[in-house]
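J.: Each chain, letter by letter, is given below.
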Amino acid sequence: AQTVTQSQPEMSVQEAETVTLSCTYDTSESDYYLFWYKQPPSRQMILVIRQEAYKQQNATENRFSVNFQKAAKSFSLKISDSQLGDAAMYFCAYRSADGQGAQKLVFGQGTRLTINP
Amino acid sequence: DTGVSQDPRHKITKRGQNVTFRCDPISEHNRLYWYRQTLGQGPEFLTYFQNEAQLEKSRLLSDRFSAERPKGSFSTLEIQRTEQGDSAMYLCASSAHYRGLDEKLFFGSGTQLSVL
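Going down the list, the protein sequences come from chains A and B.
Oh and the first sequence: position 77 is 77 in the working numbering, straight run, nothing missing.
In short: position in the second sequence from 1, add 1000, done, that's the working numbering.
One or more hints might be untrue.
Claimed, not checked - 27 Å max Cα-Cα, derived DSS-like pairs, lysine-lysine:
(1) K70(A) with K1011(B)
(2) K1104(B) with K78(A)
(3) K55(A) with K70(A)
(4) K1014(B) with K104(A)
(5) K73(A) with K1104(B)
(6) K1011(B) with K104(A)
Unchecked claim - Label pairs and their computed distance ranges (CB to CB):
(7) S80(A) with R1081(B): 28 to 34 Å
(8) S1073(B) with A16(A): 41 to 47 Å
(9) S80(A) with L1116(B): 43 to 49 Å
(10) S1066(B) with S7(A): 33 to 39 Å
(11) P1008(B) with G85(A): 24 to 30 Å
(12) T1020(B) with K73(A): 36 to 42 Å
(13) R112(A) with S1005(B): 24 to 30 Å
(14) Q100(A) with I1026(B): 18 to 24 Å
(15) D31(A) with L1055(B): 16 to 22 Å
(16) Y1098(B) with K55(A): 18 to 24 Å
(17) T1002(B) with A16(A): 30 to 36 Å
(18) R1081(B) with A71(A): 43 to 49 Å
What the hints assert, rightly or not - Short, incomplete list of chain A residues facing chain B, as computed with Cβ under 8 Å:
(19) S42
(20) Q44
(21) M45
(22) G101
(23) A102
(24) Q103
(25) L105
Think of the hints as simulated: they come from the structure by calculation, not from any bench.
For each residue, glycine too, the CB sits at the ideal point set by N, CA and C.
In isolation and in its complexed conformation, chain A is listed as follows (with noise of 0.2 Å):
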């Protein structure tokens, strides 16, 4: 089975700075799909950025951007010019890419992100 492993039970970044939220993952699949996924207090599950595994190029997404290791099995997360509004739960997660596309996810069990004004 394919766990996710986020070592950073809490992280703080002083606003308008940069930081990195760590991500190891174990799997013995080659194709499979990573996500960095945000939880405000609101509790709603935001997407903030996918990676496919057989995808070499690091993906980006305005501020945020990964650092995808497939080798290590390692996916963290670069948050750019920090904003207050960036302040959540930050949850990695796996999916394995089979023929039925179902999003059954793999959590991690999270990183709280706090923005220092």
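With chain A held as given, fit chain B onto it using these hints.
T.: What follows is chain B alone, placed relative to chain A:
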């Protein structure tokens, strides 16, 4: 607002009682998912539907849990004879699964269940 909506937002019940939660997905979405999130943990997959068919159930879904999606629209999740270990947030999500379409999951804000 055409997002995923869940009702109720909070539910407090006594051990042994039955509870039912409702999820209304985004209207054109044919897939609907239920996840459970316990305190301090990430969500865990419970089950999912494609239209009205329940295609998969996690081993986490004991016999006391039943989910339905009549007519492929809204879904209900019922827990019978609740136990304190059922206390968690129950998240619903939906997606549009069609060939060639990049499927994206949209989550609701969850139902927080507290079993006393």
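J.: Decide, hint by hint, whether the structure agrees.
T.: Outcome of the hint check:
Pair hint K70(A) plus K1011(B) does not hold up; C-alpha atoms about 42 Å apart against a cutoff of 27 Å. Using a Cα cut-off of 27 Å, the hinted pair K1104(B) and K78(A) holds, with the two alpha carbons roughly 22 Å apart. This hinted pair checks out: K55(A) and K70(A) have alpha carbons roughly 10 Å apart, not beyond 27 Å. About 31 Å separates the Cα atoms of K1014(B) and K104(A), which puts this hinted pair outside 27 Å; it is violated.
For the hint linking K73(A) to K1104(B), the alpha-carbon distance of about 23 Å falls within 27 Å, and the restraint holds. Only pairs whose Cα atoms come within 27 Å are accepted, and K1011(B) paired with K104(A) is accepted, the gap being roughly 26 Å. The hinted range of 28 to 34 Å is not satisfied by S80(A) and R1081(B), whose Cβ atoms lie roughly 50 Å apart. With their beta carbons about 45 Å apart, S1073(B) and A16(A) fall inside the hinted range of 41 to 47 Å.
For S80(A) paired with L1116(B), a C-beta distance near 45 Å keeps the hint of 43 to 49 Å intact. Hint check: S1066(B) to S7(A), Cβ distance near 37 Å, so the stated range 33 to 39 Å holds. Look at P1008(B) against G85(A): about 27 Å separates their beta carbons, and that is inside 24 to 30 Å. At roughly 40 Å, the beta carbons of T1020(B) and K73(A) sit within the given window of 36 to 42 Å.
For R112(A) paired with S1005(B), a C-beta distance near 26 Å keeps the hint of 24 to 30 Å intact. For the pair Q100(A) and I1026(B), the beta carbons lie near 20 Å from each other, so the given range of 18 to 24 Å is met. Checking the proposed 16 to 22 Å range against D31(A) and L1055(B) shows it holds: the Cβ atoms sit about 21 Å from each other. Against the hinted window of 18 to 24 Å, the Cβ-Cβ separation of Y1098(B) and K55(A) comes to about 22 Å, which satisfies the hint.
The hinted range of 30 to 36 Å is satisfied by T1002(B) and A16(A), whose Cβ atoms lie roughly 34 Å apart. As the Cβ distance of R1081(B) to A71(A) is approximately 48 Å, the hint placing it in 43 to 49 Å holds. The beta carbon of S42(A) comes within 6 Å of a beta carbon in chain B, closer than 8 Å, and the hint placing it at the interface holds. Taking 8 Å as the C-beta contact cut-off toward chain B, the hint placing Q44(A) at the interface holds, the least distance being around 5 Å.
With 8 Å as the threshold, the beta carbon of M45(A) comes within range of chain B, its nearest partner Cβ sitting at about 4 Å, so the hint holds. Look at G101(A): its Cβ gets to within about 6 Å of chain B, closer than 8 Å, so that hint holds up. Using the Cβ-Cβ criterion of 8 Å, the hint placing A102(A) at the interface with chain B is satisfied: the shortest such distance is roughly 6 Å. Against a cut-off of 8 Å between C-beta atoms, the interface hint on Q103(A) holds, since the closest Cβ of chain B lies about 5 Å away.
Because the smallest distance between the Cβ of L105(A) and any Cβ of chain B comes to about 7 Å, under 8 Å, the interface hint for this residue holds.
Hint compliance for this structure: hints 1, 4 and 7 are not met, and every other hint is.
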